[in-house]
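Those protein sequence lines, which keep their order, are chains E and H. Quick note on my numbering: the first sequence kicks off at 1 and runs consecutively. Quick note on my numbering: the second sequence kicks off at 1001 and runs consecutively.
Among the hints, erroneous ones may be present.
What the hints assert, rightly or not - In silico DSBU-like cross-links for lysine-lysine, where the CA-CA straight-line distance does not exceed 30 Å:
1. E/K430 with E/K493
2. H/K1102 with H/K1425
3. E/K181 with E/K324
4. E/K139 with E/K235
5. E/K89 with H/K1391
6. H/K1367 with E/K89
7. E/K181 with E/K364
8. H/K1391 with H/K1102
9. H/K1102 with E/K139
10. H/K1102 with H/K1022
11. H/K1102 with H/K1069
12. E/K89 with H/K1102
I should point out that these hints are in silico values taken from the structure, not numbers from a laboratory.
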Amino acid sequence: MTVLPYADALAAYDPVLGLEVHVELNTTSKMFCGCSTAFGAEPNTQVCPVCLGLPGSLPAVNAKAVESAIRIGLALNCTIAEWCRFARKNYFYPDMPKNYQISQYDEPIAYDGWTEVVLDGEIYRIGIERAHMEEDTGKSLHVGGATGRIHGADYSLLDYNRSGVPLIEIVTKPVEGTGAKAPEVARAYVTMLRDLLRTLGVSDVRMEQGSLRCDANVSLRPVGRSTFGTRTETKNVNSLRSVERAVRYEITRQAAILASGGRVTQETRHWHEDSGITTPGRNKETAEDYRYFPEPDLVPIAPSREWVEELHATLPEPPTARLKRVRAEWGFSELEMRDVVSAGAVNAIEATVAAGATPQSARKWWLTEIARHANEEGVDLEAVGVTPQQVAEIQALVENGTINDKLARQVFEGVIAGEGSPAEVVTARKLAIVSDEGALAAAVNEAINANPDIVDKIKSGKVQATGALIGSVMKQMRGQADAARVREMILEKIG
Amino acid sequence: MTLAEAPNAETIRQTAVDLATKIKSGELSAVEVTRSHLDRIAEVDGEIHAFLYVDGERALASAARVDAKIAAGEPVGPLAGVPLALKDILTYTGAPTTCGSKILEGWLPPYDATVTRRLLDHDMVILGKTNLDEFAMGSSTENSAYGPTRNPWDTSRIPGGSGGGSAAAVAAFEAPLAIGTDTGGSIRQPAAVTGTVGVKPTYGGSSRYGLVALASSLDQPGPCARSVLDAALLHQVIAGHDPCDSTSIDQPVPDVVTAARSADVSRMKIGVVTELGGEGYAPGVEQRFNEAVELLASLGAEIIEVSCPHFVYALPTYYLILPAECSSNLAKFDAMRFGLRVGDDGFASAEQVMAATREAGFGAEVKRRIIIGTYALSSGYYEAYYGQAQKVRTLISRDFDQAFSQADVLVSPSTPITAFKIGEKVDDPLAMYRNDLCTIPSNLAGNASASFPVGLAPEDGLPVGFQVMAPPLADDRLYRVGGALEAALHSAWNGPLLDRLPDPGALR
C-alpha cells in the first residue's frame, strides 16, 4: 500500500474526523436480563433465555443502564430526550442470537452535545452528535483459515457471555479544523472520554478488554474545500496509541489515493496493530439495509425531568475544569501538565496521589518508568500492570530509605512481572539498602585502598573526584547503599 | 351417537367450575378427571387432531399432587385439578414447543412461559400442546406443518386458526379449557366457528413472556372455554403484571369473574359497528347476530349504531405491521442454537446453513409474510408501508376512542362466515385473510375483545360467533355481555349449544 509522507498529505489535504466510541457499562447485570456482565468467565456460563434469544423470551430494560446513559449524556452536555424508544437493527450474524440488535435509531436518549479536549495547551471543542443505548453481541472465535475471520475458517466457536452487555455508543459530529493535529486530537478525545467515563464510574473503560472501543472515521478534502470527502471507518482500534496511529495511517493512505487522481472507497477497514496499517473489511457496496423499526417488545423511555435534574447534580466536574484544578493542586508547570495529559496519565496520577504519593513523584514514575514499559509493549499506561496504589507504595519505600530510585526501577520490573507487591519484590530480590555501617565501612576502606590516585586528587582539593569512589562502593554494594551516607563516610575517612 | 352417549360423558361434559368444585370437595379426584380427558383424547383426537403432544404421564402426576394437596388441606387455586390444553406456541419446560413448524421440531424449551407458570402455580393440570397454523399465521390450522385440525361440528371443515387446536379440543370435550393466543383473531375466530368462548384480553393484560412471538405489538394470550364463567376463571388465573414482559400492564386485573356471574347488561350502552356487516357476511351469520342484539335489548341494554370509518383499512394495515414485526421476530430461527439444522455438511458456511434451514423449515405462508415484512421495512419503502400503516393504526385507535365515548361496548359478528371446508381457501391467501376482518381492529388498538356462541347458521347448521369489544382494561364488560347472552340463550335452547354437537367419537 502506498502512502504519502504525512507532511505532504497535510500540505494538500484537510482531514475531517468522526469518532464512534462504544462503551461497555459496568452494571452488574446485562441490558435486558439479569445475567452477570463479569469479564473473563468460562464461555456461555453467563447466559439465559433472554440473552440467548430463545423463542418466547422478552427483553426488560436495566434501569441502571438508562441512568448511566443519561449521566454520560449530561457529562457530554447533551440534551436528554424526554421520550425515546429502542429500535431493532436487523442483520444476520451467528454471534447475534436474535439476528437483530436492540439499539436506538432516530430517537437516541442523548443528543446534540459537546465536549473539549486539551492538546498542547490548546482547547479543541468536539461536537457530540448523540449517545445511544444498545446491547453488545456475543463473541465469535473463528478457528483455522488465514485471516481469523469467518470466511475461510474451519469452524467458529461462539461465546454469548457478552451478548446483551449494555453498551453506550457515543458519536461525534464531524471534527474539522484540526489540521496536522488530527491524529493527536483523536487520541486526546478518546483519552478524555476514558477519563470522564471512569470518573463517572459507569464503565471499566479497559480498551484491552474491549470495554472501550473506538471506530475512527476519516476523510480528506483538498485544503480550502468545505464539502466532505469520502470517508472510511476503521474498526478494531484497541488502544489510545492505536487511535492516533490508525488516523495518521488513514490520512497518508487516502492522501496517496487522492494525489494520484484516485477515489477513496467508502468502506469499513480493519486496523492491524502489528503492521500499523488498515485493510478493507466488508465493502459498503454490499451495505446491509438494517431495516430499523421501533422495538415492539419494549415501551418508550421517558425519563422525568426531576430525575434528569437529580442525575445532573451527581456529575463530576467537566474535564477541562478538572485539568485546571488538578494542575493548581499538584503545582505542575504548564509544560509538565501538557506531558501528563498527552500521556493520558491524569487519572493514574490522581489515584497515586490519593494513595499517598507526592504529585511530583507520581508524575515521575508514570511518565518515565511506567511509560517506558508501555511503549515497549505498545500498550496504554494503565495496561502495564502496576496500580496507582503500588506506585505509591514504591515511592513510600524510597522515601523511608528502604530503596533508592535506581532500586525502585527493579521493584517496578518485579511488580510488572507479577512477582507480588512492592514489599514482596524488595524482599524476594533482596533489594533493600544495606544500612549495616560495618559492611559499608569495609567497602569504603576497600575503595580507598584500591584507588590511591583518586584519594590523592581528593586530598588535593578535587572533591568532585569523590564520585568515582562512591561509584566503586555502590558497585560493591550492588547498588543497595545510600549514596549520601557513602559520600559522608569517604570524606570522613580521607578528611 | 350424540355426545351424551359418549363414554366418560358425565365427567367430560362438565364445566371447569363444576369440576373444580367437585375436585375440591372430594367428589371427584383430579386424577380421575385428568384420566377421563386423556381417554377422550385417545378416543377422538385421531379424528380431530387438536393435539400435537399429549403429556399424559406428567398430567396424571401433577393431578395426583393436586389431590394430595387437597387431602392435606393445603390452599389451592380456584381451578385446582382442572386439566387444560396449551397452544403449542407457549413454552412448557420438558414438552416440545413446535409452533406448528418444522423449524422447531424437537426443541425442548428450558423455561416456562409466564402463563404456563401461572397455570402450574394455580394447581392446574396441563394435558398437552395444541395444534396451530405455523407460528400462528393462518385462520384454519391448515398451515400447521403437522397437518390440519378438524372442526368437531363437521370434520370436513376447518376449526379456525391459528388456535384451531385449542378451540377444537374444548369443543370436542378433550379439555374443559385451553389457552390460546390472539394476534388478529386467533382465539376469537376459532371460538366462533367451533361454538365456544374465546377471549383476547386487553393488550398487556396477560404476559407474552414465553409466547413465541408472531407480532409483538399484537400478540396476546387468553382463555378458551365452553362457558363464560369458565373463561373468566381462567382469565383471572393467567392475567396480571409480569416484570419479564415490559408491555404488560402494571394495573389490577379487571374483576372478570364477578362480571361473568353478574351477567347484567341492563342500562348498558351497546354499539353495533356499522362497518362490520353487510356485503360479504353470510345471511345466517347476520341473522344470528341480529337476534343476539335484540336479545340484549330485551335484557335492558340500550342499542345504538356507531361508525368506525377506518376499520375498512384494518386488514391492509394489519398485513403490513404483522409481517414487518414477524420478519424480525422470526430471524432467530437460524439453526445456530436450537431447532432444525439443514445443510451442515462441514463445508457449508454459517450463512448457507442458515439459508438452507430457513428454506426447508418454514412453510409457504411464513415465507410469504417474512418476504412482505422485509420489503415493508426496507429503506426507501419504510415510510410508504410500515410508516403509513402505523399512522392508520392510530386512526383505528381513535375510531375506538370515539366509539367508546358513545357506547360501553361494541359488537359485531366475530367472523363474516361460518367454518369453511378444509382446502377451500388454501390457494387464496386474501380470502383466508378476510376471515379476520372483524377481529383485527381490536388487535391493532389493543383493546379487549371476545367471541361468544350465539347459535347455528340456518343455512349450514354451523356455529356463529358474536364479538364483543371493550375499552382497554375494561375486560369485565366482555364477560357481563357474554354472561347475559349465555344465560338467555341457554334457557331458550334448553342447554348449551354444544349439547347439539355430533359426537366426533362416532365418526371414526
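Verification of the supplied hints:
1. E/K430 with E/K493: holds, 28 Å
2. H/K1102 with H/K1425: Judged against 30 Å, a Cα distance of about 22 Å means the pair holds.
3. E/K181 with E/K324: holds, 22 Å
4. E/K139 with E/K235: Answer holds: E/K139 to E/K235 is near 15 Å, not above 30 Å.
5. E/K89 with H/K1391: holds, 22 Å
6. H/K1367 with E/K89: holds, 20 Å
7. E/K181 with E/K364: Roughly 26 Å separates the two Cα atoms, so the pair holds.
8. H/K1391 with H/K1102: violated, 35 Å
9. H/K1102 with E/K139: Measuring from Cα to Cα gives roughly 29 Å; hence the hint holds.
10. H/K1102 with H/K1022: violated, 41 Å
11. H/K1102 with H/K1069: violated, 39 Å
12. E/K89 with H/K1102: Cα-Cα ~27 Å, so holds.
Against the hints set out earlier in the document, violations occur for numbers 8, 10, 11.
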